[in-house]
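Could you put together the complete structure from these sequences and hints?
Sequences listed follow chains A and B, in order. Following the numbering used here, the numbering of the first sequence begins with 11 at its first residue and continues without gaps. Following the numbering used here, the numbering of the second sequence begins with 15 at its first residue and continues without gaps.
If you are wondering where the hints come from, they were derived from the structure by calculation, not from laboratory data. A virtual CB, placed ideally from N, CA and C, is assigned to each residue, including glycine. Check the hints yourself; a few may be wrong.
[Claimed, not checked] Below 30 Å or equal to it, Euclidean Cα-Cα: the simulated DSSO-like pairs (lysine-lysine) are:
no.	chain 1	residue 1	chain 2	residue 2
1	B	Lys-71	A	Lys-65
2	B	Lys-168	A	Lys-69
3	B	Lys-185	A	Lys-68
4	A	Lys-152	B	Lys-172
5	A	Lys-128	B	Lys-189
6	B	Lys-61	A	Lys-65
7	B	Lys-79	A	Lys-152
8	A	Lys-152	A	Lys-68
9	A	Lys-68	A	Lys-128
10	A	Lys-152	B	Lys-61
11	A	Lys-152	B	Lys-189
12	A	Lys-128	B	Lys-112
[Stated by the list, open to error] Interface residues of chain A toward chain B, partial, derived using beta-carbon atoms under 8 Å:
no.	residue
13	Pro-25
14	Thr-109
15	Glu-131
16	Arg-146
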Amino acid sequence: MSKFKKKTSTSQNIPTASLPDIIFMLLFFFMVTTVLRETNLLVRQRIPEATQLQKLEKKSLISYIYIGKPMETDKYGTEPRIQVNDVLVQPRDLLLFVTQEKDKLPEVQRDQLTMSMKVDEEAKMGIVTDVQLELRNASQRKIMYATTQEVEQAF
Amino acid sequence: MARSKGRASVEINSSSMADIAFLLLIFFLMTTTIATDRGLMLQLPPKPDDIPQEDVKIPERNLFKIYLNSSDRLLVENEPMSNLSSLKPQIKEFVLNKGRNPELSDSPEEAIISFKTDRGTTYERYIEVLDVVTTAYNEMYAERAGVTPERFRKLDRKDPQDKALYDKARKNFPKNISFAEPTNIGG
Numbered sequence: 011m012s013k014f015k016k017k018t019s020t021s022q023n024i025p026t027a028s029l030p031d032i033i034f035m036l037l038f039f040f041m042v043t044t045v046l047r048e049t050n051l052l053v054r055q056r057i058p059e060a061t062q063l064q065k066l067e068k069k070s071l072i073s074y075i076y077i078g079k080p081m082e083t084d085k086y087g088t089e090p091r092i093q094v095n096d097v098l099v100q101p102r103d104l105l106l107f108v109t110q111e112k113d114k115l116p117e118v119q120r121d122q123l124t125m126s127m128k129v130d131e132e133a134k135m136g137i138v139t140d141v142q143l144e145l146r147n148a149s150q151r152k153i154m155y156a157t158t159q160e161v162e163q164a165f
Numbered sequence: 015m016a017r018s019k020g021r022a023s024v025e026i027n028s029s030s031m032a033d034i035a036f037l038l039l040i041f042f043l044m045t046t047t048i049a050t051d052r053g054l055m056l057q058l059p060p061k062p063d064d065i066p067q068e069d070v071k072i073p074e075r076n077l078f079k080i081y082l083n084s085s086d087r088l089l090v091e092n093e094p095m096s097n098l099s100s101l102k103p104q105i106k107e108f109v110l111n112k113g114r115n116p117e118l119s120d121s122p123e124e125a126i127i128s129f130k131t132d133r134g135t136t137y138e139r140y141i142e143v144l145d146v147v148t149t150a151y152n153e154m155y156a157e158r159a160g161v162t163p164e165r166f167r168k169l170d171r172k173d174p175q176d177k178a179l180y181d182k183a184r185k186n187f188p189k190n191i192s193f194a195e196p197t198n199i200g201g
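Dropping the structure here:
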């Protein structure tokens with residue numbers, strides 16, 4: 011039976027020398043793509059899906075308005091609320107918010123500001139139109155409904 | 015040739031490197047939010063006070079009425095529609111009519127999609143319908159520019175060649191979507 015004797019000369023170890031390299035590669039990918047969240051979300055966000063998305067190029071020209079059911083329902087109730095910059099606000103406060111956001115930009119870019127509305131899919135249109143009316147009053151006419159990409163259906 | 019007999023390992027033990035890298039990796043994995051600045055762009059009408067209070071009479075034929083009620087049901091041109099997939103061909107037919115059918119629009123320039131919602135309509139449904147309208151328009155634009163709809167959407171307006179294509183598609187072909195004040199039934 012010596013014919014089938016195992017060769018013992020081969021090493022049994024898997025070389026793991028390249029493992030750090032692989033991990034570093036992943037690490038760098040995530041380090042580059044990561045955006046540390048600047049606001050603490052107080053409202054629930056499940057963004058709806060759509061197919062016809064457009065991409066906004068300049069991140070500095072975007073401000074966000076979050077709408078959704080508050081996370082702490084015992085404190086803020088279950089009705090969808092508006093959040094800007096870490097606080098829940100009423101629609102009438104948005105005028106001030108838009109002015110503040112515009113003041114942060116250089117004068118030439120102020121009319122290029124886009125409001126990104128991140129609205130929970132369960133929110134009702136009532137609150138969305140209230141917000142839109144306030145934005146119109148603030149002459150902030152460029153808006154975007156933030157959505158995620160849906161797999162295109164064959165209609 | 016002198017050869018070292020002992021063959022002592024001179025490598026630095028790097029097995030903990032993977033652990034350190036993993037730790038960092040997990041941290042960035044947890045904190046990452048891949049930029050999601052994408053969505054449906056929209057231009058709101060000007061301030062309510064700035065709009066002149068004249069009654070502009072728009073002929074019925076140039077209006078394509080979409081109404082979403084508080085229970086998310088769809089009424090298109092005064093007829094209930096249960097299946098969203100038939101909305102897109104209807105919009106295209108309406109816009110591209112160019113005066114042939116007296117019930118449909120005079121020209122793409124004058125065609126207006128009137129989109130009305132209720133305060134109780136869910137946002138999800140609203141986006142769904144808005145997306146269909148946008149799809150219809152994007153496909154018509156793509157056809158005018160002679161490119162695929164996917165290509166049209168990705169046109170970069172800073173690039174002169176793309177800008178020419180974009181302008182060709184948009185010329186005399188505005189995307190008129192009118193958002194009517196919502197009704198207040200299911201608030």
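Evaluated hints:
{"no.": "1", "hint": "B:Lys-71 x A:Lys-65", "verdict": "36 Å, violated"}
{"no.": "2", "hint": "B:Lys-168 x A:Lys-69", "verdict": "18 Å, holds"}
{"no.": "3", "hint": "B:Lys-185 x A:Lys-68", "verdict": "26 Å, holds"}
{"no.": "4", "hint": "A:Lys-152 x B:Lys-172", "verdict": "19 Å, holds"}
{"no.": "5", "hint": "A:Lys-128 x B:Lys-189", "verdict": "23 Å, holds"}
{"no.": "6", "hint": "B:Lys-61 x A:Lys-65", "verdict": "26 Å, holds"}
{"no.": "7", "hint": "B:Lys-79 x A:Lys-152", "verdict": "24 Å, holds"}
{"no.": "8", "hint": "A:Lys-152 x A:Lys-68", "verdict": "14 Å, holds"}
{"no.": "9", "hint": "A:Lys-68 x A:Lys-128", "verdict": "17 Å, holds"}
{"no.": "10", "hint": "A:Lys-152 x B:Lys-61", "verdict": "13 Å, holds"}
{"no.": "11", "hint": "A:Lys-152 x B:Lys-189", "verdict": "15 Å, holds"}
{"no.": "12", "hint": "A:Lys-128 x B:Lys-112", "verdict": "38 Å, violated"}
{"no.": "13", "hint": "Pro-25", "verdict": "11 Å, violated"}
{"no.": "14", "hint": "Thr-109", "verdict": "14 Å, violated"}
{"no.": "15", "hint": "Glu-131", "verdict": "4 Å, holds"}
{"no.": "16", "hint": "Arg-146", "verdict": "5 Å, holds"}
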